[in-house]
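A.B. asks: Use the sequences and the hints to build the structure in full.
Respectively, the protein sequence lines represent chains A and B. Be aware that the first sequence starts at 1, since it is given in my numbering, and climbs by one per residue. Be aware that the second sequence starts at 1, since it is given in my numbering, and climbs by one per residue.
To be clear, the hints were calculated from the coordinates, so they are not data collected in a lab. Any given hint might turn out to be false.
[Unchecked claim] Straight-line Cα separation of at most 25 angstroms, SDA-like style, residue types lysine to any residue; simulated pairs: (1) A/K17 <-> B/W197; (2) B/K227 <-> A/I11; (3) B/K255 <-> A/N195; (4) B/K255 <-> A/E152; (5) B/K264 <-> A/L144; (6) A/K69 <-> A/D8; (7) A/K189 <-> A/D150; (8) B/K251 <-> A/A126; (9) B/K200 <-> A/D23.
[Stated by the list, open to error] Some but not every residue of chain B turned toward chain A, in silico, with C-beta under 10 angstroms: (10) V187; (11) L188; (12) K192; (13) W197; (14) C215; (15) D219; (16) V222; (17) R226; (18) M236; (19) K251; (20) E252; (21) R256; (22) T257; (23) G258.
Think of the CB as a built atom: it goes at the ideal place given N, C-alpha and C, for glycine as much as any other residue.
So the chains spell out like this:
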Amino acid sequence: MRILIADDHPIVRHGLKQMLAADPSATIVGEATNGDEALAMARKLEWDMAIFDFTMPGRSGLDLLGDMKKEFPGRPVLILSMHSEDVHGSRVLRGGAAGYITKDSAPQELATAVRKVANGGKYVSASLAEILASECSSDPQKALHEKLSDREYRVMWLLATGKQISEIAKEMGLSPSTVSTYRTRILRKLGLTSNAALVHYAVRHQLVG
Amino acid sequence: MNDVANIEELEPTEPRAEEAPEKAKILLVDDEPKSLFALQELLSMLGQNLMVAQSGEEALRLALKNDFAVILLDVRMPGIDGFETARLIRARERSKSTPIIFLTAAADEMTSMFRGYEVGAVDYLMKPVVPEVLKSKVAVFVELFRKSERLRESEDKLRRLAAHLISVREEERAHIAREIHDELGQVLTGLKMEVTWLAKRLKDKVLIEKTDSMCGLIDSTVQTVRKIATGLRPEMLDDMGLIAAVAWQAKEFQKRTGIRCRAKLPAEVKFDIDISTTMFRIFQEILTNVARHSRATRVDIELTLGAEQIGLEVTDNGVGIQDNELHARKSLGLLGMQERALLFGGDVRINGSPGHGTRVSVTIPLRKPK
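C.D. replies: Structure (C-alpha cells):
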C-alpha cells in the first residue's frame, strides 16, 4: 500500500513514519510539508491512500480535502488533526474524509485507522462515533433532560456542579424550599434517586464541562 | 527614544491642526448688493472666509457643498424668502444644525421673529446693524464652530485608535493561539509518538508504568494547550466559519453555565473573516453579559444571513437590562460591542424590559464600508 503523507511539522512526520514502519505492507511514497505541495505530489505520484494534517500552511483543511476528493474521488484521505473531534470531526467526515483521527490518539489507533481505510472502509473513533450518533438522532426531544423546563435544567446543572440548595436559591433568586421542590421534580423526570446519580447523568450526557 | 518613534509612526500623515487653522466659512445672504457689500466690509476684519449669495436658491446651493460656521440671512428676498431658505437649509442632514442669524430691516416684524426662531434661527439682528454687535456675534459662532470641529477631530481620532487596538489585539490573539496550538501541540504529538515507540521496546514493568504515566501527562498537556488556544481564538472560526463557531460557542456556553441555549442558524457557509470575527466577538460579549447579569435560564439565538447583511438576535429570559444600566458610563462591554459593529458599518441595539429579559440585535452589512 502506497501512502502519501503531509504535515508541516517534521517531528510529526517523523513519528508517522516510525509508526507506519511497523506495518510491512505500508510504503511512504511522498512526504509533503504543506497543502499545496501535498496536492502537487498527489498529482505526480502513484499512491493508494493519503494521510493529511488538517491545518497546514497554504491550502488546507476542508478546502484541500475538497480538492482531493474532486481530483481523486476513489482514493481515501485520512485526516490527522490537532483539533478535538467534537469541533471538527463530523464536518471533516461530511467533507469526504475516510477517517478523522486526533494527534493525541494512541498510536495503535492510527495503525487500526490506516488498515481500515486502506481496505476501503471508514474509520471513526469511539468518541467520534458517539458525537455522530447524538448529532443524527432524529428526535433530540427523546433525551430525558430535554423534558426539563428551562429553570429545572439550570437547577439540574447547578446541582450537577456540586452547588448546595441554599447557594442555588441565592443564585437564582428563589427560596430554598422552591429549589428543593425543583430538585424532587428533576430527579423524578430523569428517573434518578440521588444527587450522585444526577452528577453521573450530567457527566455521561456531557451537560457539564 | 524608540517609543517616541513608534508613536509617531502610528499617525504618520496627520497634519497638526493647531498650527494653521483653516478659515471658517461664513455665508452672507442678501438680495441687495449694497447690503451684501456692507456686511462683507464689516466682517472682513474677522479674517474668515466670507461667501455670498444673492438669493435663497443660491444660498441653498452653497449650503449643500459647504459647512458654514454661521449663516447671515436676510428675511425679505424675492423668490424663496429667508424663512423658507432657513427651513430648507435646516432640513438637510449636512446643515441641520448650522446656526442662522436673521437680518431684518423693519422693526415691525416681531411676529416674524417667532417664525424665524421656529425654523431654526439662533438670533435676530435689526437693520441697520450695529457693527460691533454683528462682529462679536459672528465671532462667537466662529469660535463655537472651531471648538466643535476640534471635538469631532478628537472623537474621530479616538475611534480610529479604538479600531486599531481592536484589530491589533485580534491579530495578536490569533497569532499566539496559532503558535501555541501548532508549535507546542505538534511537539507534544511528536513527543508522544517517541514515548510510545520507547514503551513498545520496554520489557521492565516499572519502566512501562513510567512511560504510561508520561503519555498521560502529555495527553493532559495537549488538552490544556487546546483550551488555552481556543480561549484566545476559536480555531472553529477560521476553519469552519462564523455559523459553525456560533453553534459551538452556544453549546459550550450551555455546558459552562447551565443556561439553556437554543440556536436557529442558517446552513453553514464561510464568508469574510473580519466580519465573522466581529460578529463572533460581539456574540461572546453578549453571552458574557447574560451569564453575569441576567439570571436567565434560557437564551435564544438567531443568526440570519441575507444578501446584504448578516443579523444576530440574542434573547434571554432574565431580569432585563434597565435603561440606566444601558447608559451607565461603566458599561464598557456594551460600548465595545457598538464600536466593533461600527467599524464595519453595523449597529447593536439592546432592549430590556424588567422581568422580561433582554434582547440584543446586531446587524452588520456584508459589504465593507468605503
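A.B. asks: Hint by hint, note whether the structure agrees.
C.D. replies: Results of checking the hints against the structure:
1. A/K17 <-> B/W197: Roughly 11 angstroms separates the two Cα atoms, so the pair holds.
2. B/K227 <-> A/I11: 22 angstroms, holds
3. B/K255 <-> A/N195: Cα-Cα ~18 angstroms, so holds.
4. B/K255 <-> A/E152: Distance ~15 angstroms between B/K255 and A/E152 Cα, so the pair holds.
5. B/K264 <-> A/L144: 22 angstroms, holds
6. A/K69 <-> A/D8: 21 angstroms, holds
7. A/K189 <-> A/D150: Distance ~13 angstroms between A/K189 and A/D150 Cα, so the pair holds.
8. B/K251 <-> A/A126: 21 angstroms, holds
9. B/K200 <-> A/D23: At roughly 14 angstroms apart (the allowed maximum being 25 angstroms), A/D23 and B/K200 satisfy the hint.
10. V187: Since chain A brings a Cβ to about 6 angstroms from B/V187, closer than 10 angstroms, the hint holds.
11. L188: 8 angstroms, holds
12. K192: Status holds, d = 7 angstroms.
13. W197: 6 angstroms, holds
14. C215: Since chain A brings a Cβ to about 8 angstroms from B/C215, closer than 10 angstroms, the hint holds.
15. D219: Since chain A brings a Cβ to about 6 angstroms from B/D219, closer than 10 angstroms, the hint holds.
16. V222: 5 angstroms, holds
17. R226: 6 angstroms, holds
18. M236: The hint holds - B/M236 has a Cβ within 10 angstroms of chain A, the shortest such distance being about 6 angstroms.
19. K251: Since the shortest Cβ distance to chain A is 9 angstroms, the answer is holds.
20. E252: 7 angstroms, holds
21. R256: The hint holds - B/R256 has a Cβ within 10 angstroms of chain A, the shortest such distance being about 6 angstroms.
22. T257: With a closest approach of 8 angstroms, the B/T257 hint holds.
23. G258: Holds: closest Cβ of chain A sits about 3 angstroms from B/G258, inside 10 angstroms.
When the structure is compared with the earlier hints, no violation turns up for any of them.
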